[in-house]
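Participant: Given next are the chains, with one letter for each unit.
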Amino acid sequence: MTETVSAPKMSAHDVKVFYGDKQAIKGVSIDIDMDNVVAFIGPSGCGKSTFLRTLNRMNDTIPTARVEGDITLDGENIYSSKMDVVQLRARVGMVFQKPNPFPKSIYDNVAYGPRIHGLAPNKAELDQIVENSLVRAGLWNEVKDRLSESGTALSGGQQQRLCIARAIAVDPEVILMDEPCSALDPIATAKIEELIHELRGRYAIVIVTHNMQQAARVSQKTAFFHLGTMVEYGDTSDIFTNPREERTRDYITGRYG
Amino acid sequence: MTETVSMPANLPAPASGARKTDWMGQTMQKRIASRYAAERRFKFMGLAAVVLSSLFLAFLLFVMVGNGAKGFITTEATLTVDMPAATGSISAEQLTGPRLSATIASIDVRRIYDNAVQAQYGKDGSRFFASTAWTALRAQLTENPDLILGKAKFWLPTSSDIDRAAKDTSTPEAEADYAQLRQAGEVRQTLNWNFLTGSDGTDPAQVGIWGSLKGSLITMVVTLFLAFPVGVLAAVYLEEYAAKNRLTDLIEVSINNLAAVPSIIFGLLGLAVFLQFFAMPRSAAIVGGLTLALMTMPVIVIASRNAIKAVPPSIREAAMGVGASPIQVVFHHVLPLAIPGIMTGTIIGMARALGETAPLLMIGMRAFTTTPPDGFTDPATVLPVQIFLWSDEVNRGFVEKTSAAIIVLLVFLLTMNAVAVYLRNRFETRW
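As given, the protein sequences belong to chains A and B, one line each in that order. Anchor point for the first sequence: position 122 equals 122 in the working numbering, and the numbering is continuous, going up by one each time. Anchor point for the second sequence: position 261 equals 261 in the working numbering, and the numbering is continuous, going up by one each time.
A couple of the hints might just be wrong.
[Unchecked claim] Straight-line distance between alpha carbons at most 27 Å, and here's what the computed DSSO-like set of lysine-lysine pairs gives:
{"no.": "1", "chain 1": "A", "residue 1": "K16", "chain 2": "B", "residue 2": "K244"}
{"no.": "2", "chain 1": "A", "residue 1": "K98", "chain 2": "B", "residue 2": "K309"}
{"no.": "3", "chain 1": "B", "residue 1": "K244", "chain 2": "A", "residue 2": "K22"}
[As the list claims (entries may be wrong)] Simulated DEER-style distance windows between Cβ atoms:
{"no.": "4", "chain 1": "A", "residue 1": "T229", "chain 2": "B", "residue 2": "I265", "range": "55 to 65 Å"}
{"no.": "5", "chain 1": "A", "residue 1": "G69", "chain 2": "B", "residue 2": "I251", "range": "27 to 37 Å"}
{"no.": "6", "chain 1": "A", "residue 1": "D185", "chain 2": "B", "residue 2": "N245", "range": "37 to 47 Å"}
{"no.": "7", "chain 1": "A", "residue 1": "D35", "chain 2": "B", "residue 2": "E252", "range": "48 to 58 Å"}
{"no.": "8", "chain 1": "A", "residue 1": "T229", "chain 2": "B", "residue 2": "L247", "range": "33 to 43 Å"}
{"no.": "9", "chain 1": "B", "residue 1": "R246", "chain 2": "A", "residue 2": "T61", "range": "15 to 25 Å"}
If you are wondering where the hints come from, they were derived from the structure by calculation, not from laboratory data. Note that beta-carbon positions come from the ideal geometry of N, C-alpha and C, so glycine has one too.
Let the sequences and hints guide you as you build the complete structure.
Facilitator: Okay, here's the thing in structure tokens:
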């Protein structure tokens, strides 16, 4: 290796995803490192969410889905039989499109992951993990006096930040966000984007978004997907100002999508 | 936004074309009028349907309560017994402590009763009283031993004919007897506790519901403990674990069909499998419970699967996203959210099983037992079968008992359904 950059956190090589006979992803290769937030953009149905869900094997839950190719986390193939999928999903956390807190208390929402993985040997440490996670998710000041209230009683933006707190409570290495702001108003969106900035560096972050301004604001690297292929992957500034591919330019400028 | 898409240049013309719609014209007004008429007709028919079904229900309740209420009331006449004269000398010490039961056992209550009846009501005075009236006398003596030491007046149940004369109409002889008793002030009507605490019998004035009710309860326990865990586990497995293929489709169709199989078929199945093949005891609550469990299980499986399906997939994804294993997803999230629906389905299935008659007749749960069953293998009967048996009796006195038993059964069924509705409303509105 002649380059001095550190090895990528996650790396995909020639990944193909099939739903039954239909091929949804046609050979995607990408490296994701710790320092940059990566945004996936592209028109609806282009496969960006499908690809995101292969990164923590969430597609396993769809019976007809089949994945080919290699995806590695710290050099270890996540689709090998030696990889424990439960542990993988703890290491590669996920935030979903629609805020989906458990219908439990705010505290239990955040404490659930640490509890099932046995991360806190006693109540005091669990309290500490819950507090740290909520602080990091920027929700602590809003909820610290009502931790026992139901998580579903929060506003949409707060629920989504609760879901982020829940994801970081298990101390993952990578966080996947699948259109985390599409159900939120602009103010809540701004808070989440701010949060993504603060989380950068500590976790490798991949975000799928339909909103190109958002991709430009939060990410350092952007991948453009179209019809199941990754058309272009590069620095966000290059993609938005000087794309190499015609299709990327057309999408960015709103010619289609 | 950069995502705006330019419009295609030549859009098709609006469908109405060049002619303008006359919204105020006559045809349009007519159309509106007929639309309103159709709506009124539909409303009226719906209302009529509701009123009709309410009338049926009111009629049913009226008839049942009208007939059945009498079943909860019994007629009693007095009998004066001079105990010391009949028993010789029984001292007060003999009635203390452990000697009491021996003393009472030594008294020939039957003979004393016969003599007292003859003394008070003449040679065939026993026609006034129920055939089991002497046991009532013994019960009163056991309860209150001091009565043995003196002359006392006892209220004892009258014969079924006189009971009916008091409530309704009866044979001319019984009517005359009743009039005579009434004139003497020797007759009264009281609440029939025996109906709630007694068991089956041949004298309608003396039968009770407790024997068959207890049989029903024991049977339901067997059914619940078998059908609930098996049904819920089957539902969880089919919904959360099983692959979706031909085989599981076949299983699903079979379960749905099982829920629709006439209950008497399950009775035949129980007869063939439990009684003939496994040689289990006839008429026993355990066999009834097993048979009804077979019948209830598909209902529970279907209700549980629907409840599990209704749990939003986002909750499953959220749990898996933080690294919960499939079993943790099921037990920490899916089942707690599905349990109100599962409980509702289970209660409704159990209510159906409680009201079931046909399959239990097939396995012989129509035992005539004058004592309540003590265990799972004792000969027993259940409430609906008891109702069926009583409705078949020749003696007119059983009519009101049948209605009264139906009231007891309905009270249980309505209570169970009310609990199901309560559970659904209480727990299912969490989001």
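Participant: Compare the structure with each hint and give your call.
Facilitator: Hint check:
{"no.": "1", "hint": "A:K16 <-> B:K244", "in the structure": "holds (23 Å)"}
{"no.": "2", "hint": "A:K98 <-> B:K309", "in the structure": "holds (19 Å)"}
{"no.": "3", "hint": "B:K244 <-> A:K22", "in the structure": "holds (18 Å)"}
{"no.": "4", "hint": "A:T229 <-> B:I265: 55 to 65 Å", "in the structure": "holds (59 Å)"}
{"no.": "5", "hint": "A:G69 <-> B:I251: 27 to 37 Å", "in the structure": "holds (35 Å)"}
{"no.": "6", "hint": "A:D185 <-> B:N245: 37 to 47 Å", "in the structure": "holds (44 Å)"}
{"no.": "7", "hint": "A:D35 <-> B:E252: 48 to 58 Å", "in the structure": "holds (51 Å)"}
{"no.": "8", "hint": "A:T229 <-> B:L247: 33 to 43 Å", "in the structure": "holds (37 Å)"}
{"no.": "9", "hint": "B:R246 <-> A:T61: 15 to 25 Å", "in the structure": "holds (21 Å)"}
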